[in-house]
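Protein sequences appear in the order of chains G and L. The opening position of the first sequence corresponds to residue 1019 in the working numbering, with each subsequent residue numbered one higher. The opening position of the second sequence corresponds to residue 84 in the working numbering, with each subsequent residue numbered one higher.
By construction, these hints were calculated from the structure, which means they are not laboratory data. The C-beta atom is built at its ideal place from N, Cα and C for all residues, glycine as well. Among these hints, one or two may not hold up.
Said to hold, decoys possible - Stretch-level coverage of chain L by chain G, calculated; a stretch enters the list once three of its residues show a Cβ under 8 angstroms from a Cβ in chain G: (1) 97 to 107; (2) 119 to 133.
Claimed, not checked - With a Cα cut of at most 25 angstroms, we get these calculated DSS-like pairs of lysine-lysine: (3) L:K125 / G:K1086; (4) L:K125 / G:K1067; (5) L:K125 / L:K140; (6) G:K1087 / G:K1067; (7) L:K166 / L:K140; (8) G:K1126 / G:K1076; (9) G:K1126 / L:K125; (10) G:K1130 / G:K1086; (11) G:K1067 / L:K166.
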Amino acid sequence: AQSVTQLGSHVSVSEGALVLLRCNYSSSVPPYLFWYVQYPNQGLQLLLKYTTGATLVKGINGFEAEFKKSETSFHLTKPSAHMSDAAEYFCAVSVPSNYQLIWGAGTKLIIKP
Amino acid sequence: EPEVTQTPSHQVTQMGQEVILRCVPISNHLYFYWYRQILGQKVEFLVSFYNNEISEKSEIFDDQFSVERPDGSNFTLKIRSTKLEDSAMYFCASSGDQAGNTIYFGEGSWLTVV
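Modelling step: build the complete structure from the supplied sequences, incorporating the hints.
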């Protein structure tokens, strides 16, 4: 069975500072990994995904994530936070034979001016 | 960019009533999903649908729930005899292929049961 743990329900950074949102997963088979973002009063939007190949994945809005198998992690980063990045971010995992996504609890990113 | 659309965006219903949430998936997609998110909790998988039948469902998706694709475009979630604990945001999603391909989500239907 798969599971996802996101460390920190809230993360607060200053505008222009590095953003680091942590995600660890558990999977008995090679996983597919996703980050989704949910802006206030909006749906879930895919930021980036890892399936196979290059372990550093670049997504929209300057975000990237690195799949580290040895650490079972898929942390999301952005070099310089912008006020518009304020949202809730969800890490999710699935496996190739399975249709469903297993979700983390989400991390609310707060940007301080 | 193609998008998944959901209606209604918000519905208030009395306990015991039936609710139908509607979704229009992306037109060339083959896999359809419903997820829900109770306020303050994780997003939870409910059901996936492919080739006009349920391909997977979670423990949450009991006899109270049903899904249907009544025509070539709509995908509906029916909740019979709603309970207070059914209050949640319900997300419809679709994808062109199995897990690993991008799953596109709608903006959600917020259901409040009173």
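Evaluated hints:
1. 97 to 107: n = 0 at 8 angstroms, threshold three: violated.
2. 119 to 133: Contact hint for the segment 119 to 133 of chain L vs chain G: holds, 7 residues under 8 angstroms.
3. L:K125 / G:K1086: Given that 25 angstroms is the threshold and the Cα spacing comes to 24 angstroms, the pair holds.
4. L:K125 / G:K1067: holds, 19 angstroms
5. L:K125 / L:K140: holds, 17 angstroms
6. G:K1087 / G:K1067: holds, 15 angstroms
7. L:K166 / L:K140: With Cα atoms ~20 angstroms apart, L:K166 and L:K140 stay inside 25 angstroms; holds.
8. G:K1126 / G:K1076: It holds: about 21 angstroms lies between the C-alpha atoms, which stays within 25 angstroms.
9. G:K1126 / L:K125: This hinted pair holds, its Cα atoms lying about 13 angstroms apart.
10. G:K1130 / G:K1086: At roughly 30 angstroms apart (the allowed maximum being 25 angstroms), G:K1086 and G:K1130 break the hint.
11. G:K1067 / L:K166: violated, 36 angstroms
Comparing the model with each earlier hint shows violations of hints 1, 10, 11; every other hint is respected.
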